[in-house]
Amino acid sequence: MKTLRFPWVVLALAAVAVITVAPTASRAADGEYVIQAGTVVTIDGDILTEGGSVFVSGGRIEDVQPGYVNPWGATVQKHETAWLMPGLVEAHSQGGLWRGTNERAPDTPFVSVLDGLDPLNDYFTDLLRDGVTTVFVVPGDQTLLGGQGMVIKPVGRTAEEMIVRRDAGLKIALAPRRGTSRMAQLAELRRALTLARGAEALEVTSDPDDPARSARQVAMSALLEGRLPAVMTCVAPVDVVNAFAIMDEFGLTGFIRLGSKSRRALPLLAERGVPCILPDDIEPLETDAETGKSERRYLAAECKAAGVPVVIQANEASGYGMRSLWYQAAVAVSQGLTRAEALRAVSLAPARVLGVEDRVGSITKGKDANLVLWSGDPLDPASHVDLAWIEGDAVYDRTKDRKLVRLLDGVAGSRPAEGR
Amino acid sequence: MNATERGARRRPSSHRRVRIAAAVVAAALVATPIVVRADDPADAADLVVRVGQLHTGDGKVLRDAVIVIEDGRFVSVTEGGAVPKGSAARVFANAVACPGFVDAVTQIGLDGGAAESPEALTPDVRAADAFDVRHRDLKPTVRAGTTSIGLLPAPVNVASGASAAAVLRADGSAEVLLRRGPPVFAFQPPALDNARVPSTAAGARAMLEAAFAGRAWTTSGEGSIPVRPAALEMLAAMKRGPSIVYADGPENARIAVQTLRAQGLSPTLVGLRSAWKDVARVADLRVPCIVVGLDPSDPIGLLEMPGKLAAAGVDVSFATGAPARSPRSLRLSVALAVANGFPTAQAVPAVTSRAAVALGVGDQVGRVAEGRRADLLILDGEPWELRSRVLLSLAGGRIVRDAAAEAEASK
Amino acid sequence: MRRLALGLAVCVAAVSALALPADRVDARPQNNGQQRNNGQQNDGQRAKAELTFVGVTIVDGLGGAGTSGTVSIEGGRIRMRTGGGRRVDVEGAYLAPGFIEANGRTGYVSNAAEVTREMTANVDVADLVDTRSSEFREAAFEGCTTVVMVPGTENLVGGLTQAYHAWGPDERAFPIEGAPKDLTVTMGNSPSRQTVRNFPPRRPRVPPSTSIYARRPTTRMGVVWMLRQSFLAAKGVQPPPDDADLTHYREVLDGKRQLRIQARALQDLNGAMRLADEAGFDFVAEGAEEGYMLRSELGKRGLTVIAGPLPSVTSGSGPDATETALRNARILRDAGCRVVLTAGVGGGRWLREQGMFATRYGFSRDEALAALTSIPADLCGLKDRGRITEGAAADVVLWSGHPMLPTSRILLVVVDGHVVLDRTAPG
Amino acid sequence: MFRLRLTVALFVLALALVGGGRADAAEPEGGLVALIGGEVRIGDGQVLSGATVILRDGRVEAVGKDVAVPPGARRVDCAGKIITPGLIDADSALGMSPADLSAKVPGADARAADAFDPWDARLRTALRQGVTTLHLGANREHLIGGVAAVVSTGSPGSAAIDADGALVINVSTRRSAAGLGGAARVALVRSTFISVDYGQVQRERWRRDLAEYEVKRFGASPLMEEELLLPPELLARMRLWTPTARAAWRVAAFKSMGRAKKYTKPKKPATPPKAPREDPSTDVIASTLPAPEAVLSDDGPKTSPKPKGAKARKAKPAKTRSKAERRTFFRAELAADVDGALGAVRDFRLEGVIVGGQGLRDRVQALGKANVAVVVSYVGDTAWSHSSPAARREEGLGAALADAGLRPALGTGATGVARFLRLHAAREVGEGMDPQDALAAITLWAAEAAGVADETGSIAVGKRGDVVVWSGDPLDAATRAERVFVAGQEVDLERD
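Just so you know, the protein sequences line up as chains A, B, C and D, in that order.
Mapping to our numbering: the first sequence position 46 is 46, numbers consecutive.
Mapping to our numbering: the second sequence position 326 is 1326, numbers consecutive.
Mapping to our numbering: the third sequence position 396 is 2396, numbers consecutive.
Mapping to our numbering: the fourth sequence position 149 is 3149, numbers consecutive.
Hints in this document: simulated from the structure, not taken from any laboratory.
Glycine residues also receive a C-beta, built at the ideal position from the N, C-alpha and C atoms.
One or more hints might be untrue.
[As the list claims (entries may be wrong)] Going by beta-carbon spacing under 7 Å, a handful of chain A positions derived as facing chain C:
| # | residue |
| --- | --- |
| 1 | A330 |
| 2 | V333 |
| 3 | A382 |
| 4 | L407 |
| 5 | L408 |
| 6 | G410 |
| 7 | V411 |
[Unchecked claim] Rough simulated footprint, nothing fancy, chain B against chain D, three-plus residues with beta-carbon under 8 Å:
| # | segment |
| --- | --- |
| 8 | 3384-3391 |
| 9 | 3427-3433 |
Sequences are here, hints too, so could you generate the full structure?
Laid out in structure tokens, this is it:
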């Protein structure tokens, strides 16, 4: 009888997820309020430990003051024991893409995640539970020119509502996809880019909005002119070297997502100043094929030592630990980064790489009001997210999260989680 | 129908093979473990050789040695001795001589199948029964300097069968020297496989310990496997003596050695191609090791393993594992090991006396000493250096390669 | 004074020998590449370290809050006083007992069990373990100093367990002498879903096969039937199925050997309790993902539960199609069970993460540390390990912060008196 | 040549020297090193005993018996040691992944330099065995293998010596060397060159027709008017355009400037000739053919592009061609394959390198006449494998080729085997090759086959400072490489 119950359970979970999102998305009455918390972590300023007040108006952060003050005369929400953090930024993810992350054809620069996003996917509510308010969703790595990714916020009923930055990056895979070799992959990439550059030169009208231009030409001309950054995924250090060669040969701009074996390329990245994102496993075990010796490498520490700004992403494949950005930041602290550097590596640094640092990444005047209230120090596993706001709207409230009750206490425990 | 008949009833692919198979079956039926030594068709010429340096095969090096060969055997080996009167001595002043190489682990000539796969315990199968004495690979083998080969059943069963030793003749044919050599066991895939019994080294240990005590290994629950009583008797009868066991990694080697030593069999480890990750563990076992099929594309850890084992005091020898690797690659494997730290002093014994001892024919081949078969290699440099050219090579007292004669012939 | 002068003289001589002439002609030794062996061979008996930890916060692994003090290690034993040997003085450091993985399931040579039989009681897991596997080193480098290896779940009766020191001075895990060996049983889907066909080889692998050569238990009913048959035969009530070796079953019945049963789903837990009452043996439950549904019965029995690794935090479903609860361990502990945490197939390296996430779902930091140290030690019969008390075994780890915080870094790991990892040395 | 320098510059820019300063005091002051008193084997057969080699800033400054040691040089005593140039594998795959050797490549423009991983763990072992330079032979399983590359096994920071090398054509692959397959493959090779050659002629003809079309279309040469009227940066950008684009632009521009009426509309609107398809692969293959200047001379068959019948055979245009820009690397195991390759070299006037096995021995005379470089490849298979075609070669192949004066180089053709190149050379000596020739086969002759003889291959003034100091004869298995200098820098052999 056991197997019959399983589908019923999934339906219940999906229903609960919908209810959680809907009611809290309504806009606060007059759009102006003050949030006061025991500790406010601004990321680009210092940490306000004896209380701080953040004045939000019209979806933006108007002002940040130390202490429990309210010069602006707006309604106040006070949380003495809580920590107020900016929403974290997930630098690279394929979450929420429905039915696959890559087209079978390798050369599809015109494809966009806008058409593949499933706004009601559980992935987005899980992000809120982990304090993440901005995520860069991009096609997968089994491709040549994989398609365009977007920086989105994890709330919204349609994909258009979720957009933060639309043309945020075109996925280019330097490492060979399954079934080909590095030689073939690079040759095909050079051919595609040379063809695009030739077609670009043939273009009589370089007006991008001309409907006559094909979607491929729109994407490729944006890439070649630097308007659309290239998201280059590299697995081995030699891929990073080839990425530099391609960037020089075709004048591309963009950033590199490193694979777990590309540690040795960090000095090259430091020297060239190309922004890069660390792989999802920041403590890989490297085995030397010749001598059989295996050694654990600590990538966050090595990235800091090489002088490259540290940007950390979550690891969706892991069951619990590494799938949360706050846990990855804590592991980075255990590797030797300071707490400030680790928190910056999951908020302001990724925002800078994705080109949205003017809107998200820290509690600073003029930025979007993406705020998250934690019950304690976010790097301590015992603390959790109580409230979250995106662009001023309250989007998550732990006391109304019915799916969390099921997860914590299982089927038999129907009563809400006591206390916590 | 016992194993020997089953072994002999092969598909005769050509007329010649049928005749040989019949002869082999006849010899087996006599079932007396006498050593069949047929004489060479032509009578062996007498020969006296004087060389600047002679590696005797057991590690000693003689200067200015005189070797007298009569009737295919070494009659006298003296250092700095005089050439006996009335015989034409061939003098190689600054040459180096060593015994003919012994390739301990091969399946050359076992084209009819090197293992009976359905059962895990087939100790009564003999490799010699399937050996084709005129196989086409034997000619290049003897021309490459290998004069004796060990025939081991493939490692497909935990108790794979009885090994055999054969000596090669100058004309590229062979002659079985020892028909029923040390028993061969296997504690590595494909003997350990999930699709058959046993699947792990632990199962192999349990099965063999039960068999040595004369009973089939069963535990509670269904699915126990019928084991032939003949196999159980033969395994129970094995009390002392040498044995050969295939093992790939250090853990399987440890379990294999413990199991066989408990029964009083002194094992020789064979294969060890993934033991390089824990050389110290293998050296602890204090058993002779035969490294099979060293190849220049192996990881450096494996190529340095013979050197580390030798440093830890283990008797290391080499084998090609033909036909998986070329039978001509024995001397090249030694050169590879020397290039990666194997001591040159042990290079010659590693492919002569030690290999012969492991096959149980240490008293007949593998050394240049009185009474031994006249297998001799004379080169213009050290035997383990690939630069050295063969000046003269003898198998059973008959000339296989003679550089001087070949030079005249080609002019 | 004389000895001091002599010592000084020796140092000066040593230093001068080392001082290199200014314009040295570089005469490299003859055979720099000749012999690169990795140090001489020795087993665990090398001389044990002598250390003194000064001004550390001691979390003793028995559930008590941290107390500052000085601890020293001599001859493989802990002394709660200042001893001789090297002083380790790191500001703000914590000293905790090494974690104990009571249910180690990684680091096998190839298979985790002898799959050609359903019930292999006399197979010892020591023959299946690859002590050189990097899984053990990685476990030691994440604070887990003892791993109790368990046979695989492919068999109904896997065999005997074996406790190991996670890593040693000679780059290998080495067994703990005298540690008791438990018998392991697996209920649920795993043993009856094996696609292995005994023989003859090259049989079709589609389960369940009606062939007589197929593995016997193909349903949960079959699983319990075979267990009942063996235990009652050991008890003498029924004739033994063909001359099987029932010694270990009798030891369990006589209480001389501990029995572990992996039971995850509700009906497996009930089946195990029913069998225990029928045949009259005690057992330790492993997994128990749906234990929270039977909290009162399990609590009444005072059962020891090795709570399976935490399920995914998003799906709410676990192995064997169980419906999991993230606070399952807390609920069972409140109900009166003795709860031990394990990382299972994740391996000793992820054991600390289980403890950290237990603090997220109902445990305090020190309770979580106890569930990783002293409680599993008592369960596995290693009474002198998993705690920092006078005379306890020297399995200790020095941390930069509380071990249950992910921001803490390991500074020093001592396994059975040997220093295995040392990041305190300068440079 | 321009493309070669650009690519080398890019690669140097990208591969900054990674090896940090090493702790021990062997830090060379300004890269000036003097190896004193060793037996120097130049690489072309000469041996100088008790000689000195001076390396400065990555190059060999001086070598000889009585060479003065410049002040401030790091003196290295090599008494009793043997100094040779760094060993070179003439047909290697070390540092490439197995997929690169077998997966299909899109065309001739695939580059082996892209697949070379300078951080491959086996390169460390190759350095310890004295191998400093590899000629990567691109793909081995398909007819068109791609573009080879010459790389250094030194520290990852070191540059590729020639990132854009020879075109690789596999007449016979590693597994199949059957006669019949070979004949079909040779025909395919020839047809490839014919179509590319024909394509070149077509492109020249198209350019000429287009120029005619433009003159007819616009009266005065349109180019001169453009120079006067248009801003320089637009002109610069237009130079990038293909002629069709420029022609189309000109029509629009002149119309927009109100001068359209000046041009009388031609009765039959002449359409610009159709441009041949751009294909990077044919460009690479075309670069192996000498430039076809004479094809447009008056006696050429202007009228019908494809000459037909007897007349065509007789009046074949005398194509005088300059030297090819890129060399061609033919892999041919059997005699039939070697014939096919030599035929292609002769008919299309290629700069050929024949990489073969048993076939070379049977075609020694033809090879001598065709002045092509010769490489004996898969030498590892000859010794070890039992099944591959290379295993069936007769002994003494190197000796036979060297005695015929062919300067054969040795190639391993595999990933791991390249580390023990010196043992394969030793085996060739054991089978009859002269020791001096064997050393030349893995140094100077290999550099010549790889086309970098002016850069490395022997210890000569001006060449790269790739030098190895051995404890004994490098062909002896018991010998150790005590010091290895790559581009003048000593490699730390102990560091993993």
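Quick rundown of the hints versus the structure:
Annotation: A:A330 was flagged as interfacial toward chain C, and the flag holds, the nearest CB pair being 4 Å apart, inside 7 Å. The interface hint given for A:V333 holds, since its Cβ lies 4 Å from the closest Cβ of chain C, which is under the 7 Å cut-off. For A:A382, the interface hint holds, the least distance from its beta-carbon to any beta-carbon of chain C being 5 Å, beneath 7 Å. Look at A:L407: its Cβ gets to within about 5 Å of chain C, closer than 7 Å, so that hint holds up.
Contact between A:L408 and chain C, as hinted, is supported at the beta carbon level, the nearest pair being about 5 Å apart and thus within 7 Å. For A:G410, the interface hint holds, since its Cβ comes within 7 Å of a Cβ in chain C; the closest pair sits about 3 Å apart. Here the hint on A:V411 is kept, as its CB sits about 5 Å from the closest CB of chain C, short of 7 Å. With 4 residues bearing a CB less than 8 Å from a CB of chain B, the segment 3384-3391 of chain D meets the requirement of three and the coverage assertion stands.
Counting residues of the segment 3427-3433 of chain D whose beta carbon lies closer than 8 Å to any beta carbon of chain B gives 5, which reaches the threshold of three, so the coverage claim holds.
This entry satisfies every hint, going by the numbered hints stated previously.
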